[in-house]
Structure formats: C-alpha cells, structure tokens
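Position chain C relative to chain H; hints supplied.
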Amino acid sequence: MVRQLFNYLKHVADFIDKINQYVGHAVSWLVVFMVLNVFVVVVLRYVFNVGWVWMQELYVWTHAVIFMLGAGYTLLQDGHVRIDLIYRTASERYKAVVNILGCFFFAFPLIYILFTRSYPLAERSFQTLEKSSEAGGIPALFILKAVIPLFCVLFGLQFLSMMIRSFLTLITSTDVPSSLNNNQEQSL
Amino acid sequence: MTEEYLALIMFLVTIVALLLGFPVALTLGGSALLFAFIGEYLDLFNLGLLNVYPLRILGVMKTETLVAVPLFIFMGVMLDRSNLAGDLLDAMGRMFGKLRGGLGVSVLLVGALLAASTGIVGATVVTMGLMSYPVMLRAGYDPKLAAGLICSSGTLGQIIPPSIVLILLADILQGANEQASEIKGDLVPEPITAIDLFAGAFLPGLFLVGLYLCWLVFQAVINPTSCPSLKTDEAQGQVKLSEILRVIFPPLILIVAVLGSILSGIATATESAAVGAVGATFLAMNAGKFNLSILQDVSRETTKISSMVFIILIGASLFSLVFRGLGGDEVVEEFLQNLPGGAFSAMLLVMLVIFFLGFFLDFIEIIFVVVPIVAPTLIALGYSPLWLGVMIGVNLQTSFLTPPFGFALFYLRGVAPAEVQTSMIYKGVIPFIFLQLFALAVFWMFPEIVTWLPGELFKK
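For the record, the sequence lines run as chains H and C.
The first sequence begins at 1 in the working numbering and counts up one residue at a time.
The second sequence begins at 1001 in the working numbering and counts up one residue at a time.
Bound-form chain C, shown alone:
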C-alpha cells in the first residue's frame, strides 16, 4: 500500500466518522492524528511534522482578518436578540402586505439581508423559520411556496455579504492562490481579501434575489391564492407610514453603511464589522431594547459561535497537515490535471463532489477541509479564485436545498408547524433548486458577473 492510498482512505474514514455525531472539530483532527500514527507505523509519515502544528494554531490566532468573524456574529446576534430583525420583518410585511406576494417579498429581503450571520445553515433557517413561517401561513400562503422562500433566502444570506462564510473562504482561497502560483511557477500573486470576495459575491447575490423575486411575482400572477395580500385587520398599521419607516430605516442604514464602507474600499472587513457591531448596539439602545443582560447574552453567544468556528479551523488544519504529509494533495492534483476534458471536467467534478458532500457537511467544514485540497489545482488550471469561491458558495447553497438530504429542509422541518407535511417542504423548494442551477449555469458562462465588480472597484 502506498501513502497516497492512505490519504484517500483517511478522507473517506473521516467523512464516515463525522456522521457518527461527535463534534466535528475533534473528529477531523482526531481521525487525522490516528492516520498519522498508522502512517508512522507503516513508515509513510513522519510524526516530526506534527511539531509545526502549534505554530499553525499560533498563525490562526494572529490572523487579523479573522477578527471580522466574531464582530459580524456580534452584530447579527445583537439585531436578533434585541428583536430588531423581527420588527423589521413585521414592518416590511405591513408596508408590502397589501400587495399580492408582498409578504413573501419582505421575507425574502429581510432573510437575505439579516440572515443571522453565523455561517451555520441550521441556525439561519431555524431563525427565519420561527420568525416568518407562522406569519406567512396565517396570511394564507401556500405552505409549499413559503417553505421554498424561507429555505432559499435563509441559505442565500450565508453567501451574500456581509457573511462570515465569505471571510473564512477568502482566508482559505488566499492560501490556495499562493500554492497555485507555486504549481504554475509564477511570481507571488495579488492577495485575495474578504473584501474582494464580498465584491465578487455582490452581483451574483442580487441576481439570485432577482430570480426568487421573479418566481414570486410569477406565482402571484398565475396562482393568486398561493400568496394572497394581507387582510386589512392584519395590515392595521397602514395608517402610520412614518411609524413603519422609523422601524425600517435604521437597520437598513446600518447594512448600507457596513456594505458601503467595505465595497467602496475605504475600510477592511474587520473595521466595517466593528462599525456594524457598535451600530447594531446603538440601534438596540435607540429602540429601548438594550440592557446589560442582552449584552451579556449576545457576548456569550458570540463567544460560543466563534469558538465553534475556529476550533473547527484548528481541527481541520491538522487534517490538512496530515493529508499533505501523506501526499494526498499531489494525488488530487495529478488526478484533476489529467482528466479527459481538461479544466472544464476538473471543475465539474469538483462541483459535483462538493454538491454531494453538502448533504453531510456544513459550509464551514467544506471550506476548511475540501477547498484547501481542490482549490490550488483549479486555480492553477486557470480559474479565477474569486469566481471559484462564489461558484462553491452557490453550489453548496443548492446542495442544502436538495431533498431528501438538504440541511435547510431538515431544520425547517424541525421548526415548521406539525400540519405542514415534509413532502410540502420538499415540493416547495424544487422550483428554487432549478433557479439555483440556472444561476450556476449563468455564472459559469459569464464569469464577469463575479469578477467585474471587484475589478472595477479595486482595479485588479
């Protein structure tokens, strides 16, 4: 048996071990360690390599760009806990509610903008499901359409800025980009920052929101009973437009300020995130919803989520270390470079594998485990790192929507009222899956949709 096989076996065993349900971070690191020992025993691995592991961790601890992650989490949790997100949905529902499909539009926009920026599909869909599903059902919406809207906008929120998934992805793509230029023998490449990726994901995100909106309007026209307008007693707030605007404007300004400062290139992701975190706190104070116990609650939640994310990164970095030590990256590289059909089939294969893995693994694990393995080769084959990042994001989002395994469906099932059948949720997401696949095809044919804005903004 050669060492390359051992690397592939390690990958498969780890995936199976993850399914058992022990915390992901430790399963990744622990199973890699077991294989390091097996490799040492078979003379295929040098345990001395593990000496650099603490230095890798120290590297993660000193990476400034990753500080944006807890800051965005803080902002998201603050908006959520102080109920500003819920109030926003409520106000927008009242404003658009008189139109057919108007409530759906509000759910879509709020979901895409405020989807709790945790990077965990479950948390986002659960929040959206609890906040908006009962409201839509009460308004007489078709449970299928409502389910599709919640799942798709909740997962979309993960990949449009400001999202922590993109920050983590940028960090990994940066490393992959450096390796790719080593493969190609190029000079040091331009660094990839979270800001570049935010800019790259901006237009694709808008495109997807546009597609969902078109579908909703189409439904409202051909099947008006599926998304009726609110009855007047539900839309009781219509007299006070100023009241509604007072609720809508502050969070909107916050989001625009955070996104604007990032996209205009004035501030780094971390700086904007700090402004967002402090801004969200001010909004909560302004709405009279701020007190010490909310601050404590938000801080503890932020600690837990960011610890969860970074301990996975630490576990996954041991996985990468051992996978490389066993020569696994060379096997993957060689395999992808020698596929018949060249770069196109390499990309297609990677997309299919990631789609399939998305049934079992969440965003964070795929970014930390799979992307470092495949991205260097794909970038060396000539694909733009930014485009690759966005394609992976949209692909995973599609995977999370796909029955019967899609994550989003499980979580919505968990919080949906009992009278909603699982099959309704499945049927509801199907049109959205087609929209996603259509979008993927469009982004593939016209990569400029991703690369144009960053190029224009930051002159690369």
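Bound conformation, chain H alone:
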C-alpha cells in the first residue's frame, strides 16, 4: 500500500520532469533564433541603415521567454546556483532536508504570491488585447504578461518534483534520481 503510494509519487515527479525537459529543450532553440535575430538587426542597422521597433522588441521578448520558461528546466538540471560551502559535501539526507524546507518556506510561498499577483494582470491584458507601449512595437503585450504566471506554474511544478524526490529520499534512505537523469542529455 505504502509502496504503491511511493510509486505513484515517483510517477508524478517523473511526469513533471518530462514536461520541463520538453519545455527547456524547446526554449533552448529560441536561443539560436535570438542570436540570429539580434545579428540581423545589427546588419540591417549598420549595413542598410534601416530598423524596425518590433524586430528589436522581438529579441528582447524572446530573451525573456527563454529565461522565464527555461527556469523549471534549469532547476531540473540543478542549474540554479546554490551557495555550496556546506551543501556540496553534505549527506543526501542533509540535502533532502534543505530542499524540503526550502520548497516549503521559500519556493512555494514566493511562487504562490507571484502567481496570484501576476495572473490578474495577464488576464486583464488578454481581455483588452493590450499592445506594446512602443510605437511600432509588437501588438501583443499580453503574451509577455502571460509568461509570468506560466513561469510560476512550470517553476512551481519542478519544485514539487524536487520535494517529492527529497521526501522519498528521506523515507527510503536512498537517493531517488529522476528516471530521466541517466540518459538525459545524451539521448536527445
């Protein structure tokens, strides 16, 4: 019975990992798009002496989408920097406790507050189909505003996955790695 519950939890964590891995890989390709976008703007400006506001806005927004929606993926890969003076050499148990407490006291409240404060903004923006305030900008500011609550969902889910794994590590006294981790970056 208990074992079944553990298995279920592990499946939930694996499912979350898969979502963020998929999103992370997708937004990573936007990096290439962004590099080319800025480069084209530079060439147009210095060689042909032309430029459009929307093109500049496009790479700024792409950049925002990358670091906001890539946040969950970065967490999955443990890429969010930690002060690891103590953490690096600590036991799996210590790490699990820190991660659970951190999720509970820091991550979840922060993400919850941000979600509840950003969702109404995005909703209002959608209803009025708000445009960029720049003349000649992208006529869809609501997309950028919607990125914030979406970031909260993806990032919050990934912390949930982290918490489940840490919890299972504590209970079963064994490390519970993501089933993705083993062949993650090589296979794809």
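Keep in mind the hints are simulated off the structure, nothing from the lab.
Mixed in with the good hints there might be a few duds.
Stated by the list, open to error - Covered stretches of chain H, as calculated for chain C (at least 3 residues, CB under 8 Å):
id: 1; region: 8-21
id: 2; region: 26-37
id: 3; region: 54-60
id: 4; region: 106-118
id: 5; region: 136-150
Unchecked claim - With a straight-line cut-off of 20 Å between C-alpha atoms, the simulated DMTMM-like cross-links for lysine to aspartate or glutamate are:
id: 6; chain 1: C; residue 1: Lys-1062; chain 2: H; residue 2: Asp-14
id: 7; chain 1: C; residue 1: Lys-1062; chain 2: H; residue 2: Glu-130
id: 8; chain 1: H; residue 1: Lys-18; chain 2: C; residue 2: Asp-1329
id: 9; chain 1: C; residue 1: Lys-1062; chain 2: H; residue 2: Glu-134
id: 10; chain 1: C; residue 1: Lys-1098; chain 2: C; residue 2: Asp-1087
id: 11; chain 1: H; residue 1: Lys-131; chain 2: C; residue 2: Glu-1064
What the hints assert, rightly or not - On the chain H side, residues computed to face chain C include the following (Cβ under 7 Å):
id: 12; residue: His-63
id: 13; residue: His-80
id: 14; residue: Ile-100
id: 15; residue: Gly-102
id: 16; residue: Leu-121
Yeah, the Cβ is synthetic: ideal placement off N, Cα and C, and Gly gets one too.
Just chain C now, with coordinates in the frame of chain H:
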C-alpha cells in the same frame, strides 16, 4: 522593535539561510517574503507593496541591455565547446613555451581573454584549472605558482570586458545613480551603460594583467626552476609557425572586433555580443568543429546559465523591494553618511563588508543584493559610479582569492590533481593577493585610471 531593525535582521537571516544551500534565487526572494509577512503582522510593512512585484519582473523582461548577457554566454560556451579556447592555449603555449615562464604567460593571457564569460567564479576557475593546470604541472611548473596564476587570471576574466558581470553591474549602478541624484536633489544624471563600464574596466584590467606578468617574469629570473621552458619534444610544433598563427589569429580577431566595436562607441553591448556570438559560431565552422549537436549543447547551456542569472535577479528584486519597504535603505544611508571620517570611511567600510561577503556569496548575488543598498549613498557622497563599479569588481576578485574561504581556491582544489596539496594552492595565491591589494590602492589614489578612458571615448 522598529522597522529598521527588522530590515537588518532580514539581511542577516538571509545570509545565514543562503549558506544552507537552497538555490540562491528562491532563498533571497522567499526569505524576503517571510519578513514581509512578519512586517505586516507587526504593522511595519504594507503587503500592498507586493503588487508592484510583477511589474518589476516585467521591467526586467523588457530591458534591452540585458540581452547582451545570453549572447556573451553563447559566445563563451561556443568557444569552449568547440575546443577553440583549448586550441588557443595550446598554440600560445607552443609559441611562448621556449621562453622561461612562457607557458605561464599563455595561461594568463588566454585566461584573461577567454575566461568563460558566465559570471560564475566556479565555472571559470574550473574550466581554466582543467584546461591548464595539468599542462603546467607536466611542464615542471611549481604547483604553487601555477595555482596562483590560474586562480587570479580566471577571476580577472570576470571583471575585464567583455564580461557579463560588468553588464549586470552597469544595470544596477544606473539605478543607483538615479537614486543618488534624488538624494542630492540634482537633475537627472547621465545614464551609465555597460559600454561605459567596459571602458572604465579596460585600463585597470590591463594594469592587473601587467602586474601578474611582472610577477611571473620576476619568478622566472630569481627562481628559474619554478617556471621552466618547455622541453623540445613538448614544443614539437615549433617548425610550423604558420600553423600556430592560424589557430591564434581567428579568436584574437574576434575578441578585438567585439571589444573594438564596443570601445569605439559604434555598437551597443548587445550588438557587439551578437556579432561575437555569430563570429564564434563561424570560427567553429571554420575549424570544422561545428555540428548540430554542438549547437544544441551550446543553446541549452546558454538557456540554463541565463535563466540562473535572471531568476536570481528576480529573487533579489523582491529582496530589495521588501528591504526598502522596511526602511532598510534609509538606515544604511544615514549610517554611511554619518560615519566619522566622511566619505572615505564610508567607502572603506563598504569595501571591507563586500570583501567579507565575498567569502560566502558570488559576484551575481553581491551585485544584485548589496550594491543596490550601498551604491546610491556612496555615489551621493561624491564617488564616481564607474570607479565604484571597478573597485567593487577588483575587491571581490581579491576576496575570491583569499584563503581559507576564497571561492576560486575551493574550485581549483576540486579539479587539481590529488598530489597538489591544498596548502600549496593557498601559498600560491598569496603573492597575487598582495598584487591585488596594491592595485586597489593605486586605483583608489588615481581614480583617473578608471574614469579617463570612458571620458575620453564618450566625452562625458
């Protein structure tokens, strides 16, 4: 208890909480949020202030100058993954290797130029350590000298242009500068851009490289066995000078083009960074090292590092919001302005605090958390924002080198061969710490070293 005390307690609690090891971004934001709730409960804070938080984030998302960060990361990772950086070190080692200390010179120059532009001390020192430490040891270098060279040039790479640390610092100093003129009651000040800071850090960076070089030459003269020349079989490439030049020139031209376009004032940091990113990709193609899987690898790495950086900025902006809401900035301002000894002791105290915090926090956290608190007051006291930025950078770099806590030392220890004792690494960096302190004193006495070039280039 008054609200000001709560702000200071929040600062201290956050530092302690950071040491536990939970991701920095969430610890900063989360602990600030807890204190916002405590403040609300004690009637010292108005939770309504948090309504502007999403707007702050939206502001970060719309800041054009910050786009330079992922572009420079892309360039650095591309040079690294396509092995161009390693080949460059190799070629320079062969070119200078016949001289005593020549390999050291190559490590120093490559490290300072190409030190992976991530803004994370750990990543830079690890890359440099893996790339060059074994080579230097095999060549018979004194492990102490080699360790000192790697740590100092790896950390120096963080504060000489093009570096993402300077881009982030410029963004924060710009805000601080505006607040400072509010304090002084001045009109709107001249904006500070990443380009100004690049220009400001250029001569100090050269000065430090020069100091390291002098030390190396001095060692080569008084203690020739500490940095011997390469044996002929190691320097097998000597026949083909053209071959060596073929490896050295492309990356060098890239760096010169990127720096040149920035310093000449033609292009913004973001524009130069895009040219750098595309240029690095072309170099990789040219060397036959480019394929789709490298591009994928570089893109994913860029996503992760830039997400890491900006999510910290988002966490830290909540920290600043709550710290201000609790009146913490006024306490700091009042305290710094009323110190006996005036502006000088305020600056000295801030430098000491930052040096100490550098034992626990990395560049990015200090820039986002500490600089916004102290910089407005120091600028209002009459210090130039550019000079302040460079002083903070060099100071932190020194902090990262200082035993027993310096970050750079930990990371080099992590990748150094087992036969190198930790005490050797500690002893090796000591001369470099003195060089750093000397440089700090010189920059303090002659601020023109920082402010002259930007003034000359951009007529401020």
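Comparing the hints with the structure gives:
no., hint, verdict
1, 8-21, "violated (count 0)"
2, 26-37, "holds (count 8)"
3, 54-60, "holds (count 3)"
4, 106-118, "holds (count 8)"
5, 136-150, "holds (count 4)"
6, Lys-1062(C) with Asp-14(H), "violated, 33 Å"
7, Lys-1062(C) with Glu-130(H), "holds, 15 Å"
8, Lys-18(H) with Asp-1329(C), "violated, 43 Å"
9, Lys-1062(C) with Glu-134(H), "holds, 11 Å"
10, Lys-1098(C) with Asp-1087(C), "holds, 18 Å"
11, Lys-131(H) with Glu-1064(C), "holds, 18 Å"
12, His-63, "holds, 5 Å"
13, His-80, "holds, 4 Å"
14, Ile-100, "violated, 10 Å"
15, Gly-102, "holds, 3 Å"
16, Leu-121, "holds, 6 Å"
Hint compliance for this structure: hints 1, 6, 8 and 14 are broken, all remaining hints hold.
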